[in-house]
Amino acid sequence: MEDLKTASGKTKRETYLIQRKIFSEDKSRVGKYQDIVIGKKGLFSLIKYELIILLSSWLPGALGLFLRSKLYPLLLGKAGKGVIFGTNVVLRHPHKIYIGDNVVVDDNCVLDAKGDDNKGIFIGNSVFVGRNTILCCKDGDIFIDDNVLIGFNCEIFSANFVKLGKNIQIAAYSYLNGGTHNFDRTDIPVLEQERSGKGIIVEDNVWLAANVKVLDGVVIGKDSIVGAGAVVNQDVPPFSIAAGVPAKVIRGRNFV
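Residue numbers for the sequence shown follow the numbering used here, so the first one is 155 and each next one is one higher.
Simulated from the structure, these hints should not be mistaken for laboratory data.
Everything numeric in this text was worked out from a predicted model, so none of it was measured.
All C-beta atoms in this analysis are idealised placements derived from N, C-alpha and C, irrespective of residue type, glycine included.
Among the clues, some could well be false.
Okay, the calculated beta carbon distance ranges per label pair [stated by the list, open to error]:
| # | residue 1 | residue 2 | range |
| --- | --- | --- | --- |
| 1 | F198 | D341 | 43 to 53 Å |
| 2 | L345 | V184 | 48 to 58 Å |
| 3 | Q388 | I201 | 18 to 28 Å |
| 4 | D180 | R405 | 25 to 35 Å |
| 5 | K224 | K195 | 47 to 57 Å |
| 6 | R405 | D338 | 51 to 61 Å |
| 7 | Y187 | L221 | 44 to 54 Å |
| 8 | V399 | D338 | 23 to 33 Å |
| 9 | L303 | T165 | 44 to 54 Å |
| 10 | A364 | G196 | 42 to 52 Å |
| 11 | G236 | Q323 | 13 to 23 Å |
| 12 | S199 | G234 | 21 to 31 Å |
| 13 | G383 | R285 | 36 to 46 Å |
In silico DSS-like pairs for lysine-lysine, Cα to Cα no more than 30 Å straight-line [stated by the list, open to error]:
| # | residue 1 | residue 2 |
| --- | --- | --- |
| 14 | K320 | K235 |
| 15 | K186 | K320 |
| 16 | K232 | K195 |
| 17 | K402 | K376 |
| 18 | K273 | K232 |
| 19 | K402 | K235 |
| 20 | K195 | K273 |
| 21 | K186 | K235 |
| 22 | K186 | K202 |
| 23 | K232 | K186 |
| 24 | K232 | K194 |
| 25 | K181 | K235 |
| 26 | K320 | K202 |
| 27 | K235 | K195 |
| 28 | K195 | K181 |
| 29 | K202 | K235 |
| 30 | K224 | K186 |
| 31 | K367 | K402 |
| 32 | K195 | K224 |
| 33 | K402 | K320 |
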């Protein structure tokens, strides 16, 4: 399996707190909004974002689908052919969101590429992102390869990187948590302590059943299956079936 240190170079550590940006008195409300939501400075970027969202994000039916297919790519780093955006899709730092061909982003999804020094969200071809799903970066990156299906009400969080290979199915209510807080100190809340992210790798052809939780620093090997409700806190070898809390390998898939 791919080594996380090889993939990322090192564990990413930072003390970025969204609360500090929200409540800081150093900037105006408009400045804070541009930092957190748009990710670019300048009046033109603000007006373009606001007009596109106002005109198309909420609009139902075929007209809404058509308008978003034409207008949202103007905000994104890249949008391929045949991309469909449902209603009320939230885009944050959209210039760092790159989408391939024939992708569906269902209603009420959040694509949040927020960060000061990250690359953003990269979605390959023929990917389905189910309703109410959140792809959230906090100075991390999310890479989703071709032919991936992400079910309803899922979340992928990245404080360093999360990499999904090809032909992956992630069922509803699953959560990939590519980051954690340190908690060594007791004189300050965990919220204010350093956040670290080792990263998560899910290799090709994996199936994560409903309500699976994958913790930071885990590699799930190719062609593996993780049973419903499992909490994965250690690597899963290729061609394995894992289940339980914490998840353990219960058998292989490549035996005769």
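Now for the hints, and whether the structure bears them out:
{"no.": "1", "hint": "F198 with D341: 43 to 53 Å", "result": "holds (46 Å)"}
{"no.": "2", "hint": "L345 with V184: 48 to 58 Å", "result": "violated (27 Å)"}
{"no.": "3", "hint": "Q388 with I201: 18 to 28 Å", "result": "violated (49 Å)"}
{"no.": "4", "hint": "D180 with R405: 25 to 35 Å", "result": "violated (57 Å)"}
{"no.": "5", "hint": "K224 with K195: 47 to 57 Å", "result": "violated (26 Å)"}
{"no.": "6", "hint": "R405 with D338: 51 to 61 Å", "result": "violated (38 Å)"}
{"no.": "7", "hint": "Y187 with L221: 44 to 54 Å", "result": "violated (23 Å)"}
{"no.": "8", "hint": "V399 with D338: 23 to 33 Å", "result": "holds (25 Å)"}
{"no.": "9", "hint": "L303 with T165: 44 to 54 Å", "result": "violated (30 Å)"}
{"no.": "10", "hint": "A364 with G196: 42 to 52 Å", "result": "holds (43 Å)"}
{"no.": "11", "hint": "G236 with Q323: 13 to 23 Å", "result": "holds (21 Å)"}
{"no.": "12", "hint": "S199 with G234: 21 to 31 Å", "result": "holds (23 Å)"}
{"no.": "13", "hint": "G383 with R285: 36 to 46 Å", "result": "violated (21 Å)"}
{"no.": "14", "hint": "K320 with K235", "result": "holds (19 Å)"}
{"no.": "15", "hint": "K186 with K320", "result": "violated (37 Å)"}
{"no.": "16", "hint": "K232 with K195", "result": "holds (20 Å)"}
{"no.": "17", "hint": "K402 with K376", "result": "holds (16 Å)"}
{"no.": "18", "hint": "K273 with K232", "result": "holds (13 Å)"}
{"no.": "19", "hint": "K402 with K235", "result": "violated (41 Å)"}
{"no.": "20", "hint": "K195 with K273", "result": "holds (18 Å)"}
{"no.": "21", "hint": "K186 with K235", "result": "violated (33 Å)"}
{"no.": "22", "hint": "K186 with K202", "result": "holds (17 Å)"}
{"no.": "23", "hint": "K232 with K186", "result": "holds (25 Å)"}
{"no.": "24", "hint": "K232 with K194", "result": "holds (16 Å)"}
{"no.": "25", "hint": "K181 with K235", "result": "violated (39 Å)"}
{"no.": "26", "hint": "K320 with K202", "result": "violated (34 Å)"}
{"no.": "27", "hint": "K235 with K195", "result": "holds (29 Å)"}
{"no.": "28", "hint": "K195 with K181", "result": "holds (12 Å)"}
{"no.": "29", "hint": "K202 with K235", "result": "holds (22 Å)"}
{"no.": "30", "hint": "K224 with K186", "result": "holds (28 Å)"}
{"no.": "31", "hint": "K367 with K402", "result": "holds (13 Å)"}
{"no.": "32", "hint": "K195 with K224", "result": "holds (23 Å)"}
{"no.": "33", "hint": "K402 with K320", "result": "holds (24 Å)"}
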